[in-house]
Amino acid sequence: MPKNPSIKKVLVIGSGPIVIGQAAEFDYAGTQACRSLKEEGIEVVLLNSNPATIMTDKDIADHVYIEPLTVEVVEQLILKEQPDSVLPTLGGQAGLNLAMELEECGFLKEHNVRLIGTTSETIKKAEDRLEFKSTMEKIGEPVAASLVVESVEDGIAFASKIGYPVVLRPAYTLGGSGGGIAHNQEQLEEILANGLRLSRVGQVLVERCIAGWKEIEYEVMRDSAGNCITVCNMENIDPVGVHTGDSIVVAPSQTLGDKEYQMLRTSALNIISELNITGGCNVQYALHPESFEYCVIEVNPRVSRSSALASKATGYPIAKVAAKIALGYTLDEIPNAITGQTMASFEPMLDYCVVKLPRLPFDKFISAKRTLTTQMKATGEVMAICNNFEGALMKAIRSLEQHVDSLMSYDFTALSRDELIRQLEVVDDRRIWVIAEAIRKGISYEEIHAVTKIDLWFIDKIAILVEMEQALKEQELTAELLKEAKRIEFPDNVIAQLTGKSEEEIRDMRYANGITAAYKMVDTCAAEFAASTPYYYSVFGSENEAENSGDRKKVLVLGSGPIRIGQGIEFDFCSVHCTWAFSKEGYETIIINNNPETVSTDFDIADKLYFEPLTPEDVENVVRLEKPDGAVVQFGGQTAIKLTEALMKMGVPILGTSAENVDAAEDRELFDEILEQCGIPRPKGHTVFTAEEAKKAANELGYPVLVRPSYVLGGQGMQIAINDKDVEEFIGIINRYAQEHPILVDKYLQGKEIEVDAVCDGEDILIPGIMEHIERAGIHSGDSISVYPAKSISEKVKATIEEYTRRLARSLHVIGLINIQFIAVGDEVYVIEVNPRSSRTVPYISKVTGIPIVPLATRVILGHKIRELGYKPGLQPEADYYAIKMPVFSFEKIRGADISLGPEMKSTGECLGIAKTFNEALYKAFLGAGIRLPKYKNMIITVRDEDKQEAVEIAKRFEALGYRIYATKGTARALLEADVSVRLTRKLEQESPNILDLILGHQIDLVIDTPSQGVDHSHDGFVIRRNAIETGVNVLTAIDTAKALVTSLENTDVKALELIDIADI
Amino acid sequence: MKAFLILEDGHVFTGTSIGAQREVISEIVFNTSMTGYLEVLTDPSYAGQAVTMTYPLIGNYGICYEDMESERPWPDGYIVRELSRIPSNFRSQDTIQNFLEKYGIPGIAGIDTRALTKILRESGTMNGMITTKEYDSLDEVIPRLKAYRTGKVVEKVTCREKTVLKNDGFKVALLDLGAKRNIARSLYERGCEVTVYPAGTKAEEIIAANPDGIMLSNGPGDPKDCGPIIDEIRKLYETDIPIFAICLGHQLMALATGADTYKLKYGHRGGNHPVRDLETGKVYISSQNHGYAVDTRSLDPAVAVPAFENVNDRTNEGLRYTGKNIFTVQFHPEACPGPQDSSYLFDRFIRTMEVKKNA
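First to last, the protein sequences are chains C and E.
The first sequence lines up with residues 0 to 1064 when you count with numbering that gives the first Met the number 0.
The second sequence lines up with residues 0 to 358 when you count with numbering that gives the first Met the number 0.
Worth flagging that the hints you see were computed from the coordinates, not collected in a lab.
Treat each hint with caution, since some may be false.
Cut-off 25 Å, straight-line C-alpha distance, at most; resulting in silico cross-link-like pairs (BS3-like, lysine-lysine) [what the hints assert, rightly or not]:
(1) E:K223 <-> E:K201
(2) E:K234 <-> E:K170
(3) E:K161 <-> E:K201
(4) E:K132 <-> C:K482
(5) C:K955 <-> C:K968
(6) C:K57 <-> C:K37
(7) E:K151 <-> C:K258
(8) E:K151 <-> E:K262
(9) E:K1 <-> C:K482
(10) E:K262 <-> E:K145
(11) E:K281 <-> C:K2
(12) C:K500 <-> C:K452
Chain C is faced by these chain E residues, among others (derived, beta-carbon under 8 Å) [said to hold, decoys possible]:
(13) Y54
(14) T116
(15) P273
If you want the footprint, here are the derived chain E segments under chain C, 3+ residues with CB under 8 Å [as the list claims (entries may be wrong)]:
(16) 77-84
(17) 292-302
Cβ coordinates follow ideal geometry from the N, Cα and C atoms, glycine included.
The whole structure should be built from the sequences, with the hints applied where relevant.
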């Protein structure tokens, strides 16, 4: 069936800000789909509130709206743009939910807009628990039996019907408290009685327990003619019980025979057919490890994180094909872009093994529980490919950039046998390291399996790695042994460590014996057909397939690795745009990256993609083969910057700002010298190595001071100290991570924080715009609300900032991008941080000013001058509207994480509010971040002493808006004195009803809780904030944010939002 | 122990010996299935060939004897990247290492199977030798490799005696040209009483048994080496008994009715091949294992017309015989290994028998 000619203009809905569980994969899918639609001559209207995405570029869609993802906005957009169709299956759950609401309220029908890619009936059948259950029953597909009960007797009756063990989940309790697994009637009676009491509605779900079963996923595609294929299946190494996003996943499945594989494949095809899905779909199964029994856990009728992984694991572009199917094409009419000669109606065959590891944020949230459950916690993931499982696992481990490079990286050697067995019961991100230690201690596979339920096959593979460690430690390092170690991807530094040799010796021995990396293709077909746009992965001991095509000039672009807090999708945006810009300049482009969720690892972004870890050794292997003419490191965040030195050693020229100058910006003493030369003040500070030195420095500077390690990302380890005790504690935390770099102690200035990104060509600079932060200094720039153009600073300050930027860029010999953070105290401007590279704000400022900063910087790197590129140097004229970037957090997903804001970044994503007036922009930004007030008009204020005065003013304004204000003693007194009517609530440690009951009562809209500076020893604040977040209450921890929010709420005139097409800027 | 794979074009791969340590010369082919190694090993169509698995990790779930598609493994040799050190599956009864040894199948592991596959893709299927002997010169070996012919392998793999699977549905005569067990099982599960005949059975004997339908199975080798069988099949064609044929059976029926077959460059072996039903336009993912195909240009529309085609290379995948209750497919609706998407063809065969019976 060819393309449906009545589809001419399509609205694509994106997934909004990056949060845990909904990340870069939707930018990848959306970008691919938009390009696929445009290829077909479709006019694409794009809506996504996330400015850091590539899909919100005007090159990707014809009309781009970075607006809040709400029903009202979509309705208005449909009225404005009049698309004939909406494609909602690419924006994750957020996009799908919006489309459902529009369909259900009849809006789409009324305006003759159709849903393509899915129908609301399909969505309902897949998403509604009851409908899903009955649909599965109708086609004979098993789901885990479950029943909601209101009495212990009903629970016993049901459990004896379905068999023990059973899972008990009380309805509406915090974080699943009161639930559990019952293995027999006695346990059931106890847990169920308790659960019924705890549940606010007196209901408990009794469910067949499938924990410990194998978790298997299938990615399926179907077209409107009913043709179905499976793209890939995947096996979670962690059995059912751990969210697939937090599991170690391998593709294809390794422990399923053809009988099981085909049984589940046929089931997946039956399901996608019955749901009448046109496009992609993900089906998750629990498979009994000792029988053919299985349950369907979940069906996602849309592209997903798993589909992004499946795409990258196989080379099959699911989103691209899904978009074509939505237009009416059938699978056998869509070419397979990788082979160029076969069609999309085939199933990819892998001749390699893929391992995905989650990137968990426990290095950021030290207080958080590391336990992995059915609630996803990972912010990102890495993927590695090899022709053996051990190698893929080893490569994935070192791709994480979490100071891990082997199965020895977490040290459990001190644990005894019994302690290890108990540790094995803990399901967290270090479990494979515990298994490795268990194997070292001689604990049998069966014992490990009995506790973890991890398949013996995987345990054996871990054992093979452990045996190699042992062999390297004990045996003489022969060429044979080295060859075998490299086959299973032991990095040179680990081999060196185990053999007591130096890394150089190992490398020399490798080269002398011809043990070098070879590259194989991901070609979708196991070499059955020739491939036209494949990508590559390294293996040892095989023939190389990657040809060094040597006619054009070649540039190596280093990607930014896994998405983590502090280094997000923004850097992928920069890497991709830089790659495109180099292509336009006639370069052959090569990307190295390991993140399966991103656009940069799509098969057709660079001329060549190497799916590899970003370590010096792995990069060097690519460099030896490709011999690039230069490498760019300034777009790939800290990951790429960290490789600068290694690249120079390999003899690869660094394009743009030189390595020495990158260093100069990071090295305190060099940097101080430069500032002095430039006549630019900075907050006074010292470089120290010990706690004693730090305390001395702090006292000299006067508290409060900022303490941080040098070379950090996202303010990691940065803290504000108010006394000696804080300093001691912080230095202790910093030193926990083997720090090779010194520690910085700076005077903490409380002023206006200002940020600029600039392009410098060695002489001239171009500043697209100045951004100011709503929150005063002390809160990480990534967690601050950022306003463009800066509205509260004087022309004089602006001029100073421009001048300082120029001086700094020139002194640091910046060629390309520079990001500078300033503090303005009155008209005095101080520099607090300089990053001679692209930053988090680059995509945002590019979009709202219409200046393509990354392509511009890339051309400057290639020797062009700003003037000859058609720009007037200096600070560019301000736009005639406001653009406000709002941070978005995922605190509710990370149990135990402290949500109070400070110098260490905690947000996972961002959204944009753009409008003609400041107030409307602010309103849109809050709306986009999901803060929709009021519901009950009840709020709690509890602030530290320094904030009481400002809190009074804020409270008055909320009161005027009709809010009922609750406060704890100190705050309440301050408010009462200022004639604000306030209700006193008891503190946490006091008897019920206290502040906690208030929050748990689900009647509170907002909590303003500013924690005292320094180490917050008050556990109360922490408990209050956590409980509020987990109850779904908005919590603000900075007084400035609260002020901005009340300002936004006061503007009741903001009703009909004016939507702005970014493509017109 | 070291082992070598020597190809007739002079390529030599060095790896480790697996299975039996005897030297063998055979035709080297590759299979892209990611699961189902046991089903591949026990598919009689591989008689006379050594099969390379493109998926690098083989033996992960061990050996479960009830999954065998015939009484024994048939390939002359087995070529893999890596055999799993331990098998892991609740049904596993044995390791693949033991299995290969038990049946005397020589093999080689630890070679770059992808590089080998590319050679076969570029140069076409060729002969090769698996050996543990180190030859100083290939001059003596290569002529031997070139001289190798698969020969009349159907005789080798077919059953010796007629057997009957008792049931109370339609009576189906299954001509065993090297049948996979799941063909008979698929019919039996649909109620058919299946009588399995050795390949050399005379048409008269089958017709005399008065079956409701005849099933021609898959099998190994060049269809043109099956002269006498083709003659018998011609006689079956002349009757009005419904016939369903798979793979070699499909090729033999084409040859028996005047069409021609040819050797594909490197064949179709795997579980991911898309075939289009030319009547409905629908595409099915199929299990395939064949090195020869029916030449559609040789078809007389008065005799047979294409019913299925391969979406990738447009080669013929099935025929409908004009004015006859005969349809034949090149791919494997019995799966095992591979997708079960086209198992509906067995239902179609049952319906054909029904219609015929009720007429």
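Quick rundown of the hints versus the structure:
Between the alpha carbons of K223 of chain E and K201 of chain E the distance comes to roughly 18 Å, so the proposed pair stays at or under 25 Å and holds. In summary, the hint linking K234 of chain E to K170 of chain E is supported, as the alpha carbons are separated by about 19 Å, within the 25 Å threshold. Note on K161 of chain E and K201 of chain E: the hinted pairing holds, with a Cα-Cα distance of about 12 Å set against a maximum of 25 Å. For the proposed pair K132 of chain E and K482 of chain C, the alpha carbon gap of about 24 Å is at most 25 Å, so the pair holds.
Taking the CA atoms of K955 of chain C and K968 of chain C, the gap is about 17 Å. The hint holds against a cut of 25 Å. Taken as a hint, the K57 of chain C and K37 of chain C pair is honoured in the structure, with Cα atoms around 12 Å apart against an allowance of 25 Å. Restraint check: the Cα-Cα separation between K151 of chain E and K258 of chain C comes to about 32 Å, which exceeds 25 Å; the hinted pair is violated. Restraint check for K151 of chain E and K262 of chain E: the C-alpha separation of about 16 Å stays at or below 25 Å, so the hint holds.
A distance of roughly 16 Å separates the Cα atoms of K1 of chain E and K482 of chain C; the hinted pair therefore holds under the 25 Å criterion. The hinted pair formed by K262 of chain E and K145 of chain E meets the criterion: a straight-line CA distance of about 17 Å does not exceed 25 Å. Proximity of K281 of chain E to K2 of chain C is assessed by CA-CA distance (about 17 Å); at most 25 Å being required, the pair is judged to hold. Only pairs whose Cα atoms come within 25 Å are accepted, and K500 of chain C paired with K452 of chain C is rejected, the gap being roughly 38 Å.
For Y54 of chain E, the shortest C-beta to C-beta distance to chain C is roughly 6 Å, which falls under 8 Å, so the interface hint holds. Contact between T116 of chain E and chain C, as hinted, is supported at the beta carbon level, the nearest pair being about 4 Å apart and thus within 8 Å. Checking P273 of chain E against chain C by beta carbon gives a least distance of about 4 Å; that is within 8 Å, so the hint holds. Three residues within the 8 Å Cβ limit are the bar, and the segment 77-84 of chain E against chain C gives 4, so the coverage statement holds.
Taking a C-beta to C-beta cut-off of 8 Å, the segment 292-302 of chain E contributes 0 residues in contact with chain C, too few for the three needed, and the coverage statement is violated.
Hints 7, 12 and 17 from the earlier list are contradicted by this structure; the remaining hints agree with it.
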